[in-house]
Amino acid sequence: MTEENQRRVVSVIVVNEASVLSRITDLFSGRGYNITSLTVAPIPESKYSRLTIVTAGSVRVIEQITKQLHKLIPVLRVYEHEDMVEKEMAMIKLPISENLSDINTLCEAYNGKIVNAGENTIIAMVADEPKRIDNFLKAIKRYNPKEIVRSGAVALER
Amino acid sequence: MQISGAQMVIEAFIAEGVDTVFGYPGGAIMNVYDEIYKQDKFEHILNRHEQASVHAAEGYSKASGKVGVAMITSGPGFTNAVTGLADAYMDSIPLVVISGQVPMFLIGTDAFQEIDAVGISRSCTKHNYLVTDVKDLPRILKEAFYIARTGRPGPVHIDIPKDITAQMGEFDYDIELDLETYKPHTKGNPRQIKKAIEAIANAKRPLFYLGGGIINANAAYEVREFVQKTGIPAVETFMARGVLSHDDELLIGMLGMHGSYASNMAMSETDLVIGLGVRFDDRVTGKLSEFAKNADVIHVDIDPASISKLVNADYPIVGDVKNVVADMLEQVGKIDKDKYESWRETIINFNELHPLTFHEDSERLKPQWVVKRVGELLGDDANISTDVGQHQMWAGQFYPFTRPRQFVSSSGLGTMGFGFPAAIGVKAASPEKTSINFTGDGSILMNVQELMTAVEKKIPVINIILNNNFLGMVRQWQTLFYDKRHSETDLSVQPDFVKLAEAFGGIGYRVKTKEEFDAALKDAVEKNVVAFIEVIVHRMENVMPMVPSGGSLFNMMLLEKKGDK
Ligand SMILES: Cc1ncc(C[n+]2csc(CCOP(=O)(O)OP(=O)(O)O)c2C)c(N)n1
Ligand SMILES: [Mg+2]
Numbered sequence: 001m002t003e004e005n006q007r008r009v010v011s012v013i014v015v016n017e018a019s020v021l022s023r024i025t026d027l028f029s030g031r032g033y034n035i036t037s038l039t040v041a042p043i044p045e046s047k048y049s050r051l052t053i054v055t056a057g058s059v060r061v062i063e064q065i066t067k068q069l070h071k072l073i074p075v076l077r078v079y080e081h082e083d084m085v086e087k088e089m090a091m092i093k094l095p096i097s098e099n100l101s102d103i104n105t106l107c108e109a110y111n112g113k114i115v116n117a118g119e120n121t122i123i124a125m126v127a128d129e130p131k132r133i134d135n136f137l138k139a140i141k142r143y144n145p146k147e148i149v150r151s152g153a154v155a156l157e158r
Numbered sequence: 001m002q003i004s005g006a007q008m009v010i011e012a013f014i015a016e017g018v019d020t021v022f023g024y025p026g027g028a029i030m031n032v033y034d035e036i037y038k039q040d041k042f043e044h045i046l047n048r049h050e051q052a053s054v055h056a057a058e059g060y061s062k063a064s065g066k067v068g069v070a071m072i073t074s075g076p077g078f079t080n081a082v083t084g085l086a087d088a089y090m091d092s093i094p095l096v097v098i099s100g101q102v103p104m105f106l107i108g109t110d111a112f113q114e115i116d117a118v119g120i121s122r123s124c125t126k127h128n129y130l131v132t133d134v135k136d137l138p139r140i141l142k143e144a145f146y147i148a149r150t151g152r153p154g155p156v157h158i159d160i161p162k163d164i165t166a167q168m169g170e171f172d173y174d175i176e177l178d179l180e181t182y183k184p185h186t187k188g189n190p191r192q193i194k195k196a197i198e199a200i201a202n203a204k205r206p207l208f209y210l211g212g213g214i215i216n217a218n219a220a221y222e223v224r225e226f227v228q229k230t231g232i233p234a235v236e237t238f239m240a241r242g243v244l245s246h247d248d249e250l251l252i253g254m255l256g257m258h259g260s261y262a263s264n265m266a267m268s269e270t271d272l273v274i275g276l277g278v279r280f281d282d283r284v285t286g287k288l289s290e291f292a293k294n295a296d297v298i299h300v301d302i303d304p305a306s307i308s309k310l311v312n313a314d315y316p317i318v319g320d321v322k323n324v325v326a327d328m329l330e331q332v333g334k335i336d337k338d339k340y341e342s343w344r345e346t347i348i349n350f351n352e353l354h355p356l357t358f359h360e361d362s363e364r365l366k367p368q369w370v371v372k373r374v375g376e377l378l379g380d381d382a383n384i385s386t387d388v389g390q391h392q393m394w395a396g397q398f399y400p401f402t403r404p405r406q407f408v409s410s411s412g413l414g415t416m417g418f419g420f421p422a423a424i425g426v427k428a429a430s431p432e433k434t435s436i437n438f439t440g441d442g443s444i445l446m447n448v449q450e451l452m453t454a455v456e457k458k459i460p461v462i463n464i465i466l467n468n469n470f471l472g473m474v475r476q477w478q479t480l481f482y483d484k485r486h487s488e489t490d491l492s493v494q495p496d497f498v499k500l501a502e503a504f505g506g507i508g509y510r511v512k513t514k515e516e517f518d519a520a521l522k523d524a525v526e527k528n529v530v531a532f533i534e535v536i537v538h539r540m541e542n543v544m545p546m547v548p549s550g551g552s553l554f555n556m557m558l559l560e561k562k563g564d565k
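Chains as they are written, first to last, in this note's numbering: chain A, 1 to 158; chain B, 1 to 565.
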C-alpha cells in the first residue's frame with residue numbers, strides 16, 4: 001500500500017441544510033486531513049448540494065476520508081474520483097496595458113477571455129484543468145496581475 | 001392537537017419508553033422542566049453537576065441497553081455536559097441529550113448564557129440539531145432516538161431555543177422517518193462471510209478478538225455459542241468484559257496494554273484474527289506494525305470506517321455483529337474443533353508461564369485482592385462500574401465477569417469522575433443488582449457531589465475507594481519512565497472519606513484488613529445505602545503486565561516473580 005501523499009478529488013452530495021458545511025470542514029480539521037480546495041453549490045431542483053473537495057493523502061488516509069464523510073448523517077453519497085473531467089475557473093485583474101491582445105490570446109488558450117474592461121484595469125477569466133490553471137497563472141505573471149481568484153476545482157465522473 | 005415545544009419533548013420521551021431522565025435545570029430549559037413537574041410517566045433524577053447527568057445516562061444505557069437521556073440548560077449547563085458527550089461518543093453509547101438555548105432572537109448576540117452549543121458538540125456527537133422551528137421538533141426528536149440507537153450507536157444532541165419550547169405546534173410521533181442519507185448496513189455480505197468461514201477452517205492458530213461492539217449489538221450469547229462450537233480461544237478487550245463468562249475455558253483474558261501475558265502472546269502468535277466489534281485501539285494493539293504480524297484479519301463491524309482504519313482487513317465484513325455471527329453459525333459445521341488442540345495447549349502453556357496474578361503483602365492490602373474478593377462475595381449479583389486509573393485496570397483484570405452489561409467503564413476517553421454517576425445510572429436501570437463502583441482517591445473527588453444525588457434518590461451505590469494516596473496510574477508511569485520523579489501525583493493530603501460520606505447522609509467505612517473489608521462490604525450490602533468503603537491499599541503497587549506505550553504486545557513488563565525484589 002502506498003504511503004505517499006497523492007492529490008485526490010472527492011465529491012460529496014449532502015442534504016442542503018444549516019451547518020452541513022461545518023460538519024464537513026470540522027471533520028477534515030479534527031482528523032488532520034487537508035483541504036486544498038473546496039467548492040459547494042446547490043444541485044438544481046433537489047434538496048441536495050454538491051461539494052467538490054481537493055485533498056491529499058496516502059491511500060489509507062483517502063479511504064478514511066471517504067468513509068468518515070459517509071458516516072456524517074446528512075451525507076448522501078461520496079465519490080472518490082478516478083476517471084473524471086475536472087475544471088477550475090480563475091479570474092485575474094490586470095492593469096490596462098498595450099498588451100491587451102496578447103493577454104486575450106493567452107486567455108483563449110485556456111478557454112477564457114477578457115470579461116471586463118474598466119478605466120485602469122481589466123478582468124480576464126479562464127476555465128481549465130487545475131494543472132493548466134497553474135500554468136496559465138505562471139504565464140500571466142509577466143503582465144503584473146493585481147489580483148487573482150481561483151474558484152477551486154469541480155469534477156464529474158466520466 | 002396543538003401542544004407546546006416543551007410538551008413535545010415530554011410526549012416524545014413517553015413514546016420512546018423513557019423511564020428515567022438525568023438532568024439539571026436552568027433558565028433556557030425551564031419550560032421543559034415545567035412540563036416535567038406536571039407529568040408522572042418518568043422519573044427525573046437531579047444530579048448535582050451536568051457532567052454527572054450525562055455519565056449517569058451512559059451508565060443507565062450501558063446497563064439497560066436502552067437510549068440514555070439527559071437534559072441540561074444553556075451555556076455553562078451545556079459546557080459542563082461536554083465531557084459526558086465526548087465520553088459517550090468514544091464508547092459508542094446511545095444517548096439523547098437535550099439542552100436549552102437562548103431564544104432565537106437572541107442567538108448570535110452574546111446573550112446571557114449563550115454558547116454555540118452545536119458548534120461545540122459537533123465533533124463529539126454522532127449527530128446534533130439546533131431546532132429553529134417548532135414544526136421540526138417532533139421529527140427531530142424521533143430522528144435523534146433512532147440515530148442514537150441504530151448503526152454504530154452514539155450520543156445525539158438537540159439544542160432547543162427557549163422560545164421554541166414555548167411555541168405551539170402539531171405533535172404527531174407516528175411519522176415515518178425518511179432518512180435517505182442514513183441507512184446503516186446491518187446484514188453482512190454472504191460471500192465475505194463464506195470466505196471468512198473458509199479462512200477459519202483453514203487456519204491453524206485462529207484467535208477471537210472480541211470487542212465492545214458485541215455488547216452494543218446484544219450479540220454476546222451468539223458469540224458464546226460461536227466460540228464454544230468452534231473451540232477457538234478468545235481474547236477480550238476491556239470494553240468486552242463479560243461477553244464470555246470468566247470461567248469459559250476458551251477465554252484467555254484481556255489483551256492490550258494491561259492484558260494478560262497469554263492474551264498478548266496469543267495475539268502475537270495467531271495466524272488468523274477474528275475481530276468482532278472491535279476497533280484496534282492503540283491501547284489494545286501496541287505497536288501496529290508488530291500487531292498480529294503473521295495473521296490474516298477478519299474484521300466484522302457495523303462501522304465501515306472502523307474497518308481497515310488501522311489494521312488492514314483481509315476479510316472485511318460490514319454488518320451488525322449479531323446478524324453476522326448468526327450467519328456464521330449456520331456454517332459452523334465446516335470448522336473442525338479438534339484442529340486447534342495444539343494451539344489451545346500452547347496458550348495454556350503461556351498462561352502457566354506467566355499467569356495473571358499478584359503478590360500478597362503482609363502489611364497492607366493489595367488492591368487486586370479487593371477486586372477479587374468482591375468477585376468472590378458478590379460475583380454475578382453485582383454490576384461493576386469504575387473510575388479511571390490503576391483501580392480501573394485491576395477491575396478489568398480481576399473481576400470475574402459473568403455476563404454482558406455487567407461492566408461499565410470509561411474506556412475510550414478515560415474520564416476520571418465517570419464511575420460514581422455511571423453507577424447511579426446502572427443502579428437506576430437495574431435495581432435488583434448491587435451497584436459497585438471501584439474508584440480511586442483521585443477520581444472519586446471528580447464527581448463526589450453525586451453523594452447527594454444518590455442519597456436523595458435512595459440509589460444505594462457502593463463506592464470502593466482503593467486508596468493509594470496517589471494518582472496511581474500517573475505515578476506508575478513516573479516511576480517506570482520518569483526516573484521516579486513523582487510530579488504532582490502524591491495525594492497524601494486527603495479528605496476524611498468516612499466523614500465525607502456521612503456529611504451527605506451516606507455511610508462510610510475505612511478498612512485496612514481483609515476481615516474489616518469483608519465486614520464493611522457485608523454491612524453496606526445489607527444496609528442498602530449509599531456507601532464509601534475506603535480501603536487503604538499498598539501505595540506503590542503497579543498494574544502488570546504492561547506494554548509500554550508504543551511498544552509491541554509481546555514485549556511486556558511482567559510481574560516480578562516472588563523473591564525477585
Ligand atoms: C479527567 C481526567 N484528568 C486526568 C486524567 C489522567 N489520569 C489518568 S489516571 C489518573 C490517576 C487516577 O488516580 P486515582 O483515581 O487515585 O486512581 P489510581 O490510579 O490511583 O487507582 C490520572 C490523573 C484522566 N484520565 N481524566
Ligand atoms: Mg489513587
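Don't read these hints as lab results, they were simulated from the structure.
Hints are supplied without guarantee of correctness; some may be wrong.
Computed list of lysine-lysine pairs in BS3-like fashion (alpha-carbon distance at most 30 Å, straight line) [to be verified]:
{"id": "1", "chain 1": "A", "residue 1": "Lys47", "chain 2": "B", "residue 2": "Lys287"}
{"id": "2", "chain 1": "B", "residue 1": "Lys499", "chain 2": "B", "residue 2": "Lys514"}
{"id": "3", "chain 1": "B", "residue 1": "Lys334", "chain 2": "B", "residue 2": "Lys187"}
{"id": "4", "chain 1": "B", "residue 1": "Lys372", "chain 2": "A", "residue 2": "Lys71"}
{"id": "5", "chain 1": "B", "residue 1": "Lys142", "chain 2": "A", "residue 2": "Lys67"}
{"id": "6", "chain 1": "B", "residue 1": "Lys457", "chain 2": "A", "residue 2": "Lys71"}
{"id": "7", "chain 1": "B", "residue 1": "Lys195", "chain 2": "A", "residue 2": "Lys67"}
{"id": "8", "chain 1": "B", "residue 1": "Lys66", "chain 2": "A", "residue 2": "Lys71"}
{"id": "9", "chain 1": "A", "residue 1": "Lys67", "chain 2": "B", "residue 2": "Lys183"}
{"id": "10", "chain 1": "B", "residue 1": "Lys309", "chain 2": "A", "residue 2": "Lys71"}
{"id": "11", "chain 1": "A", "residue 1": "Lys47", "chain 2": "B", "residue 2": "Lys187"}
{"id": "12", "chain 1": "B", "residue 1": "Lys204", "chain 2": "B", "residue 2": "Lys287"}
{"id": "13", "chain 1": "A", "residue 1": "Lys67", "chain 2": "B", "residue 2": "Lys41"}
{"id": "14", "chain 1": "B", "residue 1": "Lys499", "chain 2": "A", "residue 2": "Lys71"}
{"id": "15", "chain 1": "B", "residue 1": "Lys372", "chain 2": "B", "residue 2": "Lys293"}
{"id": "16", "chain 1": "B", "residue 1": "Lys337", "chain 2": "B", "residue 2": "Lys194"}
{"id": "17", "chain 1": "B", "residue 1": "Lys457", "chain 2": "B", "residue 2": "Lys522"}
{"id": "18", "chain 1": "B", "residue 1": "Lys41", "chain 2": "B", "residue 2": "Lys135"}
{"id": "19", "chain 1": "A", "residue 1": "Lys71", "chain 2": "B", "residue 2": "Lys194"}
{"id": "20", "chain 1": "B", "residue 1": "Lys38", "chain 2": "A", "residue 2": "Lys67"}
{"id": "21", "chain 1": "B", "residue 1": "Lys142", "chain 2": "A", "residue 2": "Lys47"}
{"id": "22", "chain 1": "A", "residue 1": "Lys47", "chain 2": "B", "residue 2": "Lys135"}
{"id": "23", "chain 1": "A", "residue 1": "Lys67", "chain 2": "B", "residue 2": "Lys287"}
{"id": "24", "chain 1": "B", "residue 1": "Lys194", "chain 2": "B", "residue 2": "Lys183"}
{"id": "25", "chain 1": "B", "residue 1": "Lys514", "chain 2": "A", "residue 2": "Lys71"}
{"id": "26", "chain 1": "B", "residue 1": "Lys194", "chain 2": "A", "residue 2": "Lys67"}
{"id": "27", "chain 1": "B", "residue 1": "Lys135", "chain 2": "A", "residue 2": "Lys71"}
{"id": "28", "chain 1": "A", "residue 1": "Lys71", "chain 2": "B", "residue 2": "Lys142"}
{"id": "29", "chain 1": "A", "residue 1": "Lys67", "chain 2": "B", "residue 2": "Lys366"}
When you check the alpha-carbon spacing of lysine 47/A and lysine 135/B, does it fall within 30 Å? Distance ~18 Å between lysine 47/A and lysine 135/B Cα, so the pair holds.
Holds or violated: lysine 457/B to lysine 522/B, with C-alpha atoms at most 30 Å apart: Answer holds: lysine 457/B to lysine 522/B is near 22 Å, not above 30 Å.
Restraint check for lysine 457/B with lysine 71/A, where alpha carbons must lie at most 30 Å apart: violated, 39 Å
Agreement of lysine 499/B and lysine 514/B with the hint, judged by alpha carbon distance not exceeding 30 Å: Answer holds: lysine 499/B to lysine 514/B is near 22 Å, not above 30 Å.
Within 30 Å, alpha carbon to alpha carbon, are lysine 142/B and lysine 47/A? holds, 21 Å
Would the pair lysine 142/B and lysine 67/A pass a check requiring their Cα atoms to be no farther apart than 30 Å? holds, 25 Å
Is lysine 195/B within 30 Å of lysine 67/A, Cα to Cα? holds, 23 Å
Is lysine 337/B within 30 Å of lysine 194/B, Cα to Cα? holds, 18 Å
Quick one, are lysine 372/B and lysine 293/B close enough, alpha carbons at most 30 Å? violated, 34 Å
Holds or violated: lysine 67/A to lysine 41/B, with C-alpha atoms at most 30 Å apart: violated, 41 Å
Do the alpha carbons of lysine 514/B and lysine 71/A lie within 30 Å of each other, as the hint requires? violated, 51 Å
Between lysine 47/A and lysine 287/B, does the CA-CA distance stay at or below 30 Å? Not OK: lysine 47/A and lysine 287/B at ~45 Å, beyond 30 Å, violated.
Going down the numbered hints, you'll see the structure goes against 1, 4, 6, 13, 14, 15, 20, 25, 29, while the others check out.
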